[in-house]
Every structure is written in C-alpha cells, then in structure tokens.
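Asks: For reference, the chains in residue letters:
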Amino acid sequence: MDRSLSFDFARRFPRGPTIRARAELALDGERVTVLFGPSGSGKTTALRALAGLDRPDEGVIRFAGETWFDGSAGAFVRPQRRAVGFLFQDYALFPHLGVARNIGFGVRRLGRAAREARVRELAARLGIEALLSRRPAELSGGQRQRVALARALAPSPRLLLLDEPLSALDAPARAELRGELRRTLESSGVPAIVVTHDRVEALALGDRMVVMIDGAIRQAGRVDDVFAAPADVDVARVVGTENVLRVRLARRAEGLAFVRSGAVELAAIDPGGLEDEAWACIRAEEIVLEDAPGPITSAQNLLPGAVVARAEEGPLVRLKLDCGTPLVALVTRASAERLGLVPGRRIAALVKAPAVRLVPRNG
Amino acid sequence: MDPSALRLSFALATLTTLALLGLGLPIAHWLATSRWRWKFLVEAVVALPLVLPPTVLGFYLLFGLGPNSPLGRAWEAVFGQRFPFSFGGLLVASVLYSLPFAVQPFSAALAAVDPRLVEASHSLGVSSLATFFRVTLPLSWNGILAGAVLTFAHTLGEFGVVLMVGGNIAGETRTLSIAIFDHVQALEYGPANRTSALLLAMSFAVLVLVYALQRRPFLRWTGR
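Protein sequences, first through last, are from chains A and B. Be aware that the first sequence starts at 2, since it is given in this note's numbering, and climbs by one per residue. Be aware that the second sequence starts at 838, since it is given in this note's numbering, and climbs by one per residue.
Sample of chain A residues lacking proximity to chain B, with all beta carbon distances greater than 10 Å (derived): (1) A24; (2) G66; (3) S73; (4) G143; (5) E177; (6) D226; (7) D235; (8) L250; (9) V289; (10) P327; (11) V343.
Restraint ranges, calculated between C-beta atoms of paired labels, are given here: (12) B:T870 <-> A:R334: 56 to 64 Å; (13) A:T68 <-> B:A948: 28 to 36 Å; (14) A:F77 <-> B:G925: 37 to 45 Å; (15) A:R102 <-> B:I1006: 49 to 57 Å.
It is worth saying that the hints were derived from the structure and are not from the lab. C-beta: ideal position from N, C-alpha, C; glycine also.
Just chain A, with the same shape it has in the complex (with noise of 0.2 Å):
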C-alpha cells in the first residue's frame, strides 16, 4: 500500500513565527518517524497541518496519493476525511462518556454489535479491559495514554500522529511506557509520526528522525544517523549526544549491563527494562583519550583506537575516532596539542561506565 506522505507547506501567526516544513517520508518501512526539535521550534504545529486541524497559509500536503492540502488550488481536506488517528499531548479524553465509549467514539457507524466487538479487542490489545467501564477522571496518566491510543485506533486509521504521547506523565511512569508505546505502534500495522523533544524517546520510538529548528526542518534520517552525524551546529546542538552506537545485551554482572556494538563491549549502568537491543549513549566531552597503551584507570571501558578526522571548535577540538566502533570525542585544544592529536594518531578512549547510558529498545 502506498502510504508516502510529502509536505511543503507554511504557516505564519500574526506577530509570531513563520513554521516552514518540508520533508519526503516514504513511511512504509520505517514504522515510526520522530519529530524531534526544542520547545518552540514548530513540530505540534507541523502536526497539526497534516492532520488537518489547522490550515496551512500555504503549500502542498499529499498522502497515498491524495492531496491533502493545496495552497494555490484552494483544496483543503477536512480531518474527518483523512482517515488520521491523532493523539493529543494531554490525551482529550471524553470526560461526559466512560472508557468503553471514548473508544468505540469513532466507530458509531459499525453498529451496536460490531462496535463492541472492536472496543474489547482494542481494549485487549492495549491491555484495558478492566477499565472498560470507568469514566477518563477515574484513570492514571498512563491509562489515559492507552485509553487514547485505543480511542486513535478503533477506525483503523492509515496514520497515526502523536503529539509529545509522553510528556503528560510523571518520570517513573514515563520510562515504563516508554518501551510499551514503541510495541503498541509496532504491532498496529499503521505508520506513526512522533513529535517529541526529548532525545531518549527519539532514541526509544524511532526509526527514522526529523529534526525541527526554528520553524524549519533541518535533517532527516535514520536516528542514529542522525545522532552520529548531525547535518549542522544548530542540529548538533540539539540531539546533544554525539554517540550513540546500536548494542545488544551480551550479559549483566553487578549491577552493570554489558553490551557488545560489533567488536567493542561497553559497560554501563543497568537502566533496568533492557531485554536484547538497545542504544548506547555517550556524549563526546565524557570521552577521555590516553596515550596508547593506556595505564590502569578506574574507567570501565578502555578502548584503543587511532584517532581519524580533527575539526578545531572555539576552545575545543572535536576528534573523530576509529576505536572499532567510529567515536566523536570533545577534548580542550592545549590536550590535543599535549597529546598531538591528529589523524593517524595511536590513542585509547576511556569512558567511565555511568557515561555509558543505555537506552533499551524493544519490539
């Protein structure tokens, strides 16, 4: 099925920004697609034009096909006409009309029987059951998120946007869910779009990645792509973590997960939820380079390497090493010049182990 989606469009507030997004996303193999930007930058508003809820000021918005929005030609398709499941960042559930109700929403038209059919089997798919007859007030934060998600998918939509789906809940019920939203939109079988600003759920619900700045996109890619190679400062700046490498867990030993990226394995803190894959996380200044052999430290993790690209930054240099695994590392220029940091360079990269952060990746 053709599920290509492609926008150009702009919206302007009076007084405020102008949001300019423009971005090919084929959507067919990569299941979920991270809107990833700061507070500010225009993602709920790109959101929000694609599911028809606000009109662009103009340009172009097709899917599958369709054009859903053409600026010049005056063609604007209603929400109830794309077939979009939407997810709003505080979830907006019904509160006149209980669990069972909010979910069966979309679908009066099936029929009574068809209908409750539906509920229950979204209902089970999400775990909810036993809420099915409970008002939105009665239930907890991430009951609500499922309660909405069910809500999105009973009329079988043929995309799902989600706006921030995790940041209405408090920490602890954050990084469980975090891991159950990437199964759910996995196993729906629907392409999602995800807008978030937190980099662990780009990293934990991503395939691919969209970064928005300022009201404009600015890269687009597969997420570790973008978070090894970032297309510019500003984009940099922003996804923060200069590696991040994709594990698998090789074995767990007090209280420390080791985890293998091809020839290298790394010790980290055992987040805790890591079931095979994950996303192994360091940021470039928490890399300390050695002279090659290095002398026995109390970091974890000792990776000789050579040091392959150097690129001078302000006050710092920022190394591209080969360390059987490509690394990015951020070291004052006086340390690089002590240790004559150029490419071809012999070094080891010391990362202590609670440098290392995991990022569990299920489903």
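Let chain A serve as the given structure and place chain B on it in line with the hints.
Replies: Relative to the frame of chain A, chain B by itself:
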C-alpha cells in the same frame, strides 16, 4: 390578578426561550469559535439590546415592520395580521430584546468546552454537527440551561418593548408587567401588589437557579 395576563406572559416567555435556543445557539457557537477579525462588530450588535432603551428598539420595529413598510406588508400577507399590537409582533420584539441574555451565557458555556475535545472528535471522523451534539452540548448543557432560564425570566419581566410594540390589549398583548402598570394607574394597589409579588418571587427563584447552575454542575463529569 389577571389570569389571561399570566397565561400570556408565560406563553410569550416560553416561545421566546424556544426561539432563542434555535436562533441563539448557532450565533453563540459562531461567536465562541470564529476567528474572523471583524467578529467584535457582531458581538456589539448582539449586545445592543443591553444598553438600548426598549423604546428605541420598539420604535424601529414599529417603523420597520409597521403597515406602511414593505416588510410590514409582507408580514401582514404571511400572518394575516398586522405586526403592531399583535402577539406575533410581541414575540419578534421579545426575541430581539432578549438576544444578549441568551447568547452571552450560551457563548460563555460553549467557549468553556476544551477545543481539543472537538478536534479529537473531528479527527475520529465525526462531522461538525454530530460533534456539537455528542461532545459540545453534553459538556455545556448547564450554561445553556442557565441562559435559557435567564431568557425566560427576562421576557417575563419586560415592559418597555411590550408596551411600544404590543400596546395593551387584554388576552393578546397585555402581559403581567403591563397589568401591574394598569393596576397602579387605576390605583388598584391590592392586585398590583399580588402580581408584583409573584414576579418578584419568580425572578428570585430563577436567579437562584441560574447561579446554582453556573457554580456547580449537578453531574460531576467535568473532571478535567
């Protein structure tokens, strides 16, 4: 007390309230949701009867819908009765005069409904009209009921517009407030007092109901 005046007042108030539910709700909904830049002009027009002397409204209605105007002749052709000094004329005048008393509470009640809920309904494929009945109305009924009750009470007590447009025809246009005026003119203080006390008690009861409705909904389903 004049039973025909009581009947007439209740009939007029009931019909005015029903007419304003039909006419006022769409206007209120538009006022609550529209982002048209000249919306304030419409708001000012709707609020005019709040500040206008009833005589001014009455004068223009008589002038515009009187037997010498094209609209007045059309009225006569359709209803078989002249606009001035008829119950129909009284109803039109009441509807216009009570418009802000209905539209403002309606509009406040509709505006208090979280627009996200309306958008959620739209993105679930539900039409705007169905969304109004399935989401907006169930979440704003207490404000709408308050507006309807206020309209009813306001119509019950109006005097100036009734006198201007309707005159004082027993059984056709003599409402309770006109009857009180008549009694006082004729120095019949007993009947004037009884009618006045009735209106006072009803008005007070209605206002108690309105404020109770606005303070706390009877059903607690606004748990947001």
